[in-house]
Every structure is written in C-alpha cells, then in structure tokens.
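Number of protein chains: 2
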Amino acid sequence: MWTPDRSNGQPIYQQIADDLERRISYGEFPPGSLLPSERKLAEQLGVNRSTVILAYAELRSLGIIESRSGSGTRVSKYKWGATPKHTPNWSRYAVGGSFLPNVPFLRRIREALGHNPSLIDFASGELEGDLSPVEEINSLLSGNHFNSYLGYDNPHGYTPLRQSLVSYLHKYRQIQTTESSILVTSGSQQSLYLITQCLLSPGDAVAIEDPSYCYSLPMFQSAGLRLFRLPVDSKGIKPEDIRALYKKHRIKMVFLNPNFQNPTGAVLDPERRARLLDLVSELGLPIVEDDPFSLTAYEETPPPPIKSIDTLGSVLYIGSFSKMAASGLRVGWLVAPHSVVERLADARQQMDFGLSVVPQKLASQFLNSDYFAPHLERLRLRLLYKRDLLIEAIRAELGDLVKFTVPQGGLHLWCKVKPEVNDGKLLEEAIRRGVIFVPGSVYGSDSGYVRFTYARAGEQQIRPGIMKFAAALRAVLG
Amino acid sequence: MWTPDRSNGQPIYQQIADDLERRISYGEFPPGSLLPSERKLAEQLGVNRSTVILAYAELRSLGIIESRSGSGTRVSKYKWGATPKHTPNWSRYAVGGSFLPNVPFLRRIREALGHNPSLIDFASGELEGDLSPVEEINSLLSGNHFNSYLGYDNPHGYTPLRQSLVSYLHKYRQIQTTESSILVTSGSQQSLYLITQCLLSPGDAVAIEDPSYCYSLPMFQSAGLRLFRLPVDSKGIKPEDIRALYKKHRIKMVFLNPNFQNPTGAVLDPERRARLLDLVSELGLPIVEDDPFSLTAYEETPPPPIKSIDTLGSVLYIGSFSKMAASGLRVGWLVAPHSVVERLADARQQMDFGLSVVPQKLASQFLNSDYFAPHLERLRLRLLYKRDLLIEAIRAELGDLVKFTVPQGGLHLWCKVKPEVNDGKLLEEAIRRGVIFVPGSVYGSDSGYVRFTYARAGEQQIRPGIMKFAAALRAVLG
Chain R
1 MWTPDRSNGQ PIYQQIADDL ERRISYGEFP PGSLLPSERK LAEQLGVNRS
51 TVILAYAELR SLGIIESRSG SGTRVSKYKW GATPKHTPNW SRYAVGGSFL
101 PNVPFLRRIR EALGHNPSLI DFASGELEGD LSPVEEINSL LSGNHFNSYL
151 GYDNPHGYTP LRQSLVSYLH KYRQIQTTES SILVTSGSQQ SLYLITQCLL
201 SPGDAVAIED PSYCYSLPMF QSAGLRLFRL PVDSKGIKPE DIRALYKKHR
251 IKMVFLNPNF QNPTGAVLDP ERRARLLDLV SELGLPIVED DPFSLTAYEE
301 TPPPPIKSID TLGSVLYIGS FSKMAASGLR VGWLVAPHSV VERLADARQQ
351 MDFGLSVVPQ KLASQFLNSD YFAPHLERLR LRLLYKRDLL IEAIRAELGD
401 LVKFTVPQGG LHLWCKVKPE VNDGKLLEEA IRRGVIFVPG SVYGSDSGYV
451 RFTYARAGEQ QIRPGIMKFA AALRAVLG
Chain A
1 MWTPDRSNGQ PIYQQIADDL ERRISYGEFP PGSLLPSERK LAEQLGVNRS
51 TVILAYAELR SLGIIESRSG SGTRVSKYKW GATPKHTPNW SRYAVGGSFL
101 PNVPFLRRIR EALGHNPSLI DFASGELEGD LSPVEEINSL LSGNHFNSYL
151 GYDNPHGYTP LRQSLVSYLH KYRQIQTTES SILVTSGSQQ SLYLITQCLL
201 SPGDAVAIED PSYCYSLPMF QSAGLRLFRL PVDSKGIKPE DIRALYKKHR
251 IKMVFLNPNF QNPTGAVLDP ERRARLLDLV SELGLPIVED DPFSLTAYEE
301 TPPPPIKSID TLGSVLYIGS FSKMAASGLR VGWLVAPHSV VERLADARQQ
351 MDFGLSVVPQ KLASQFLNSD YFAPHLERLR LRLLYKRDLL IEAIRAELGD
401 LVKFTVPQGG LHLWCKVKPE VNDGKLLEEA IRRGVIFVPG SVYGSDSGYV
451 RFTYARAGEQ QIRPGIMKFA AALRAVLG
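These protein sequence lines are chains R and A, in that order.
Going by full-length UniProt numbering, the first sequence opens with residue 1, and the numbers climb by one from there.
Going by full-length UniProt numbering, the second sequence opens with residue 1, and the numbers climb by one from there.
Just so you know, these hints were derived from the structure itself, not from any lab.
Zero decoy hints are in this set.
Copies of one chain are not kept apart here, so a pair can be met inside one copy or by any two copies together.
Dumping the calculated EDC-like pairs for lysine to aspartate or glutamate here, alpha-carbon to alpha-carbon at most 20 angstroms:
#1 K248 to D210
#2 K361 to E136
#3 K40 to D346
#4 K77 to D278
#5 K40 to E179
#6 K416 to E429
Since this is a predicted model, take the numbers as computed values, not measurements.
Can you build the whole structure from these sequences, using the hints too?
In structure tokens form, the structure reads like this:
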C-alpha cells in the first residue's frame, strides 16, 4: 500500500490528494463510490486526521469528490463526462451475492493487523516464521527441478504427494489408505468448504462442537446449513448428545476436532470415541474429523485419530501442513471414500482448477526427507516452551482474573475471564494498547472468553503482550 | 493408481482381488457402496474384462462383495460385524449438495485422458510442456530463497506480485491500476467463481457470449443465475443485443472474452467496443472482461483490452498466467474497484485461505525477469506454427467436411462439421481411435461443432491426430 514520502519535499496532504486522484482515475474508486472516512484513511496512512482533511478539501475544490454531512465523502458523479453516465453501483454488488462475509470481529482483527504490524499477535492461529521449516524448504527448493510439464495437475492432487501422504498417514496417524482415497486441498479450510458445498444441501442439519472454530466460518451459513451444538467438556463431546440431535433434527453430518480441539484444547476421551463410532454406525451418520494439531502433542505420544479405528468407513478425515509446518504452503488433504473424492475433485476443478504443482512437490519432498521428523520434534518442544511462557505470564499478570485448562497440544489457550466483560470493548482496548486476541464469541461461546494463540507471537513478546492485555482488561473493568 | 504387476508370478485376477479387498478394508469402498463395473475397471487397469470377472467372483466367494443383476456389484453390508451396522450412504451424499458437477462431456473427456495418456489431446485448453517456460522457472527456483516467513499470505495476494502486475498491466495491457485494485487468484477460474458467488444472487440474470466457454462452467448454474445469450459473429458480440436483454430481463452483468474468444477466436471490433462502453455506462451495467489470450496474438500487436479504454470503471478485468506461461502455477488476477476487491478477498479467505506464496513469488520474479519478453515472442511463433500445422492437416484430411475461420491468436480452432453429426457418437468414435477434442455443445452451440486446441498436442501429433479424427468422422457419417 502506498504511503506518503516524508522526504520528497511536497506537502503530505498534497501527496495524499495526488494519490487519491490517481486511484480514482484508475477506477479503484469509481464515480459515486464512498471514500474511506477521514479517521480511517489517516490510520491507514499513518498521518494526522487534519492532513487527510486538507487532502479531501483539495480534491473537493477540484470537483473530484463531494462530501455530504452524514453520508461521508464520495467520488463526484458528473465530473467524468459531459453527458450523465453511470458507473455500476459496485458497493451494491459487493453487498449482494449469496456467500456471506466473515464475522465482524475477524474482519476487525485482520484490519487491525494490516494497519499495525507491530501489534503483539495472539490472534492468528498459525506458527511464527521461526517455527516453520524455512531452511529445510529453502534447501529442498534449491535442489529442485521441474523436469518437464507445468500444466494443470490431476484434479485429485499431485500423484507423488498423494503417495507420500499414504506413507505419512500410516506411519504418523495409524491410518490405512490408498492414494485414490486422497484429495489434496488448499488446507483444511478448502476441505471443509468442499464438504459443505457438495455433500450437504441448504436446510440440512449438522452437529458441531460448542465452542468450535466452525462458528468462525460463515461458510456453514452460506451453504444454508442449520447448526446444532455439541457441548465440549474436558473430555470432548458426549456421544449421547448426537443421538438426541439426530432424533430431534435428523442431523446429516457431525463435525469434530477431537485432538486438542480449537479453541478449548480438549482431547476426546478414548472411551467416548468407541461409543461415538458405535452410535454413528447405528445411525448411518458420517463424521468429519479435522485433525490439524495432533502432531504437536507436547509430552505424550500423539493421540490417534478417530479415523484409525473407523472400520466401517464413517469418517471423512482432514489433515493439513498449516499447523505443523507452514500455512503458506497451502497444502492439506482429505481421506474419503471413492465416491466422495470423485465428487469433490470434480467440484474443485470448477472452483480453482486445483493447486499449483510447485508447493505440492515441495510438500511431498519434505514429507519424505530426513528433515520431517526432527522438525516435528523441534516444533513440539518450542510450542511447549511457549505455552509455558504464556501460562507463567498469565499467572503473574492476571492471577485470579482468568481461568483455564492447560492444553497438552495445539497452538491455543482458552481462557474464561472471571468478571463480566464486554468482548468488543476488551478487544478495542487491547488493540489500542498494542495486543490482539480472538474474542471467544467468535467460536460460538458466551461473551467473556478469550482465545490466546501462543504459536504466532515471538517468545520475547509473550510477557509484554499479556501485560498489555492485563492493562486493557483492568481498564475495561474500570 | 495401482495396476497389476505382470512379473510378480501371482495371477493377475488374484492381484486385483487382493487390491480391491485392501481398498475396501481401508474405507475407499465402504460397505454397501457400488464398485466400478467390470468393463470400467478392466479399462482402468488395462486388463481383459474376463480377468475382472474372475477377481469379482473370488471376492464374492469370500462374501466381501455381492452382485445383483441390474444394480451392479456392491460391497457386502453384513460381512463387517455381528450386529447390523450402517456405513453412511456416501453415494447419496455425493449426489447431494448445491454445487453442480461438471457437464457430462467434460467428465467423459477427463476420464478418457486419465485412463489413456496416449490419446492425442486436442481437448485440454492449455500449453504443452514445451511451450511453458520450464527452464526459466527452474533457474528462478534454484536461485530462490524464502528469507523468513512462510505463513498465511495477505488475502489480496503476495504484495510483490501485485506490484509486478501493476507494471505488467501498464506495459503489456495499457491498463492503469494500483496494487490495491488487484486480487491474485487461482487462475481466471477462481476469479469467475468468486464473482458468481459473491456479486450475484440466485435468480439474477446475466448475459454471456454464444458460444462461450462459460457454458462449460456449471458454476453459473450452481449460483442460480439465469443465463441469456449474446451471439458472437466474426466481429464479436453486438452491443445492441445487450440493450435488448437489459430491457427484457434486467440483466445485472455481462461476461465477455473479447480477444481471441474461446471457442470462436473472434476479436471484438474496436467500433463495437466504443459503443459497448457507451451503452453500459448509460445502463450502469458492469462488464466482466476475461483476457487470457491477448498476448498470444500471432502477427499483429495484441489487441488492447476493453479495460484500457474504460474511463468510468465499468469493467472487472481478469487475467492469468495459464494460457501464456504455465497453468500449473495457478496464478491469475482480477482488477476491480476497491469495494469489490475487499469483498472477494474476504470470501476467498473463507474458501481456501489464499494461494501458496511459493508460486506467487515465482510468478512475480518471472514477470520482472529478462525471460518474460523472449518467452512471449517464442510462444507466439510456436503457436502460429502449430496453428498452421493444424489447418494444413484439416485441409488435407477433412477438406470440405468442415468449415472454420482462421484464428489470429489464442489456442483454439473452432470448426463447423458440415454434414449433420451426433456430438456424443463422434466423441466416442474419436476416443476409440486415439484422439480427443471438445464437442461444441459444451460451449452452448448446436450439435456439429468441434473445438480443436492446437497448443497442447505435440507438433508431430497434429497430423496423425487429424487423420484419426477424419477416420472417426467418416465412420460416424457411415
């Protein structure tokens, strides 16, 4: 994004006016469209609001923009030709469409992180650069050669990668499968998107955990699904709740994240897993198992997935590199029966024509390389260390103000703020003080919960981040 | 895909039975699910049908599968446990979902190409490996280093790539824009998908060219849009037709591919472009301009896009690397007003969380490198040569049986078969004889048209391919 050049001699307001005039003439802000508010543009450009007021006054004097009180500043409609011509009403088009926008808190978080990269980030559910195998990827890259074809890939995914995944799933996840049961996707997100678009119809009822990251994904609502809740306790969901939902609402699918659940960190109890599989086989009900975090298990052997004991084929299994290596590779996978793989591969070809072969080849080489196991070992130790730093900071800075269960894997700590607090106010106050997190209501919980991700922020940032959060919380509590 | 090992000593039918038993036990074919027909499995594995019949008999004798006349062969339901348990009815799930599958001819083409890689391919609308800058990409790759972060990318796309695209669009396409007006997508396909999902609502009417590749994309129907036709002649569509559709159906958007249109190869006449822009500005109607082929223009300067003369911001402009460099990079772009870019970036983050940064970085480096201009020059000359090879072959082998206009750019030749012919029969006969093409009805035209892509097949394959096609056509005409 363009920002004013303080050393170029021209007044800042004039530079801003020139840049806006250029962007208007290029069509970024067509005639009639709304410009950012003075406050917002000032924040984006890192200048005082008075500078933006001057820039807008300059453009107004040229007839390029118009301000009307109460309706903001717009690009003039009649400047652009002698006869009245109409630009499409793009903002109306942008609010149309059947696909729903992200939830407001998540858009606010993305916007805040975009404008202020120095925020201490407890919000983004991903690994910091230092936890990703960047050196390893670089060394695979430089040894790499695409010997011939760089065309459209197999819509199921790059064959050598699917072969590597068969071995990986067997060795690390105790899942027996074949390459024709695997669909390579752009992360778990795309697996979920394809499932909601292609296997379910508007009006269908589905069961999801409560709380769950699924509530942060409007794709469920965009697909017209009716969502019913399975409360999560320290041992995960209770299978009997599924039976009740099935009786009452004829749910058609169950979405679970049984290992180090996002956001609670809960691991589904082994005995409940057995009962769960009995129950769904009685009802003929499919389970979607999302398993991104298992290999981060800190101190024990990673819990096996439900899929590893699924003898009847009731489970669609989703995995990804995002939380255990690098989200920027955008490589995930779905293990599913033949008819499902074929259906989703066909749909996905229409949506994006498949993934680039370049990251798929890298991912395959990384899985097969001697780098993979040591990377996982290092990742687990580093995450454990960061978890402990976070807990130490919370105990010191927040004491009795919050309550939480210590997670044994994953990237997140789920906290209940004990006094009553307004999620939105706490978030804004925290952003103002330089730290950001995800309010629990994004995951469908009541107000007053907080998800802290400790994987993304640097080790030195954790204590200062919690100090800022504590100050924000105290300010909001008054 | 697994195939039998003829050297391993074990009978082929036994190997097939063992492999199926393994795949059934892994859940690829759950209890109750339909297995491929004997004919189809034989084709997939490259064995005689009688071998598959023996393999199925073996599995039947073990109680693993059941055949009932008229309903095919299924995995047994009751083999898998003492009490009756139900696997989800996956095939019913696979036919559910609001997203429509690909059109049958395209699924048939993909299946045929998957099973028989030696088919001469006049169907896939992409470049052969030899036309892609594979050496150049390799040399960029080996000099490449990701210095730190491999996390989620900016949802608008990798910033250096958007900067490179601003220069590229200015230099090669006479489009003035800024990086904040650009959304990087997984090829043109994803741009179109996002537009149909996010800017239009079910029931909305849109105008598309006739014939058009848009008819091959069920995404328009999946989004619930009503499609109206703009006939294409040798000078493209007629603007007056848009006015008529607007009056009658209140169309909300117009989809155009004005330069070397797919499939006809037509270039929209300059005078019609001016009238088109006048008309849409009068109606306040947006145009989606898909421009994948312009830089393949064989002998003249590439025709500029409509976007380059769009002073009012009526045009959403789509471009891509797929047809001018390598479809396997999966890098495309959309130039749009601010409100549209924001809306689509938000939706795309929900669908796939954005593109991998690895191909985006490569694409950016390639655009900025000294390789880019010579690559385009070489591509144009080679495509021209292949076009002439195809036309020579058609004139020699088909003579008066077909009629076509010589395209001046792009990858396709659009042919009318003069005698009456059934598309499906011709396609099957051609596949049997070792050549494949796309029947014109896929693009919404009447039966009896054929799209030949000359970019994908090797130079030595073009004449033999047309000979096979000619034989198939004569066989079908009888």
